[in-house]
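Protein chains: 2
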Amino acid sequence: MTEPRLFVDHDLQAEQPLTLTGNHHHYLAKVLRLGAGATVKLFNGRDGEWRAVIDHMTRQGVEMILRERLRPQAVEPDLWLLFAPIKGKRVDTIAEKAGELGVSRIMPVITQRTVVSRVNVDRLRANAREAAEQCERLTLPEVMEPLDLGAAIASWPAGRVLLLADERASATPIAEALADLARESARPAAVLIGPEGGFAEDEKRLVRALPDCVPVSLGPRLLRADTAVFATLALWQAHLGDWRGGDAGWSQ
Amino acid sequence: MTEPRLFVDHDLQAEQPLTLTGNHHHYLAKVLRLGAGATVKLFNGRDGEWRAVIDHMTRQGVEMILRERLRPQAVEPDLWLLFAPIKGKRVDTIAEKAGELGVSRIMPVITQRTVVSRVNVDRLRANAREAAEQCERLTLPEVMEPLDLGAAIASWPAGRVLLLADERASATPIAEALADLARESARPAAVLIGPEGGFAEDEKRLVRALPDCVPVSLGPRLLRADTAVFATLALWQAHLGDWRGGDAGWSQ
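Chains A and B, in that order, give the protein sequences. Under the numbering used here, the first sequence has 111 at position 111, and the numbering climbs by one with no breaks. Under the numbering used here, the second sequence has 201 at position 201, and the numbering climbs by one with no breaks.
Misleading hints may appear alongside valid ones.
Calculated lysine-lysine pairs in the DSS-like style (CA-CA distance at most 27 Å, straight line) [to be verified]:
(1) A:LYS30 with B:LYS87
(2) A:LYS41 with B:LYS87
(3) B:LYS87 with A:LYS87
(4) B:LYS204 with B:LYS87
Sample of chain B residues facing chain A (criterion: CB under 8 Å; computed from the structure) [what the hints assert, rightly or not]:
(5) GLY159
(6) ARG224
(7) HIS239
Hints listed in this document are in silico derivations from the structure and should not be mistaken for laboratory results. Just so it is clear, CB atoms sit at the ideal spot from N, CA and C, and this is done for glycine as well.
With the rest of the complex left out, here is chain A (with noise of 0.2 Å):
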């Protein structure tokens, strides 16, 4: 069986004793009926990667003794990833391929054409976790509260590129628009994907006048907004980020 691997929010130092409560307890012992003995990787986003062992179960949580550190902490990608919600399962894959793919801050943005009135952050911090904890990285992307677009461009972080996922219009084809950037110096950057009817055209303009937006095709078919998303996340990943060869951010 794969070695369980959970982010739990203790400090992590050798030889500590800690002990695992609520849900982590419940997982342990009752899900996988784990046992005195048996291992399991923890990680907080701090402290890098824990093997801990389990000492004993009390009826109140699992008394887990750390035994040695497998990574250090390291610098991962500054990438968020800015998201109008749809409906349904599909806002699920979004947060768990957010966290898979090193996204290191989830904003949900409402826009004019956004028919979800309601997003359900837990439910999007819950996906974007256990994500973390299953693809191994070293720390859980932060998800924040539903945002007005307009309030995220106005309050938009100089210097952090923009990529605005344009959807049929003549932009720069992605891969080439990152290309040029590659060849910058290294900027934080953010991907920014609109709802399934698109942007209402004053918001396009407001998206496009920030100095730091750089607007993307991605060809030539009309893409689903999580498609858009996943495709745009891996681009740059693969460009700018730690998909990269030699100066990934991450020991293996």
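With chain A held as given, fit chain B onto it using these hints.
Coordinates of chain B only, in the frame set by chain A:
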């Protein structure tokens, strides 16, 4: 309302009458409740895209007349997807995204660690078809019956690049590998994604021994199989397919 768009088997020629029956009849008459005068886009993978107008409904079908050709048939990228079937909804999403991301042939391949015993090819076809209708491509991906990986490799067509997404192996970073291929003359291609448990060692040797095999790395995180599919297809289209500018196979 968006004009409905349907794949049909009929020949499509100017002013030709045609009758849509069965599922198409049900969808137009009962689901969308369309009547005489409503228009529908049709494509058949051979004759481009047409606008048809509903002449009248009968109890047996929808009588339509082809009004105008909207786009001529065009050459599309020659990109196969070979993937080890996975459980549940994820396989539906793979077929859908293959449709959107311009895959010409979908090939489920059975590997040693494939845990799914039955592949519902009809369901793959339905998902790929719906995606093709929605994303405005002019063809359907061809969905093949499942095949053993060994048989697929034994009959591999000479010259067709096989991109092997090699989980965590020390392969060339994908953007670099694709940039190298883009400098050579154009070749048909395929993407091969293994099962969640990875390929067996002898399978890897078999695939890597193909002269046309190009192993690529998708970065330091352990991706789910579906994520690896989406990422690799998007990157191929961006570097070698119709997401590039200018010479794209499709007119807009």
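Here's how the hints hold up against the structure:
1. Under the criterion of a C-alpha separation no larger than 27 Å, the hint pairing LYS30 of chain A with LYS87 of chain B is consistent with the structure, at around 24 Å.
2. Under the criterion of a C-alpha separation no larger than 27 Å, the hint pairing LYS41 of chain A with LYS87 of chain B is consistent with the structure, at around 26 Å.
3. Taking the CA atoms of LYS87 of chain B and LYS87 of chain A, the gap is about 22 Å. The hint holds against a cut of 27 Å.
4. For the hint linking LYS204 of chain B to LYS87 of chain B, the alpha-carbon distance of about 22 Å falls within 27 Å, and the restraint holds.
5. Checking GLY159 of chain B against chain A by beta carbon gives a least distance of about 23 Å; that is not within 8 Å, so the hint is violated.
6. Proximity of ARG224 of chain B to chain A holds as hinted, the smallest CB-CB distance being about 6 Å (cut-off 8 Å).
7. About 5 Å separates the beta-carbon of HIS239 of chain B from the nearest beta-carbon of chain A, less than 8 Å, and the hint is met.
Taken one by one, the earlier hints fail for this structure only at number 5.
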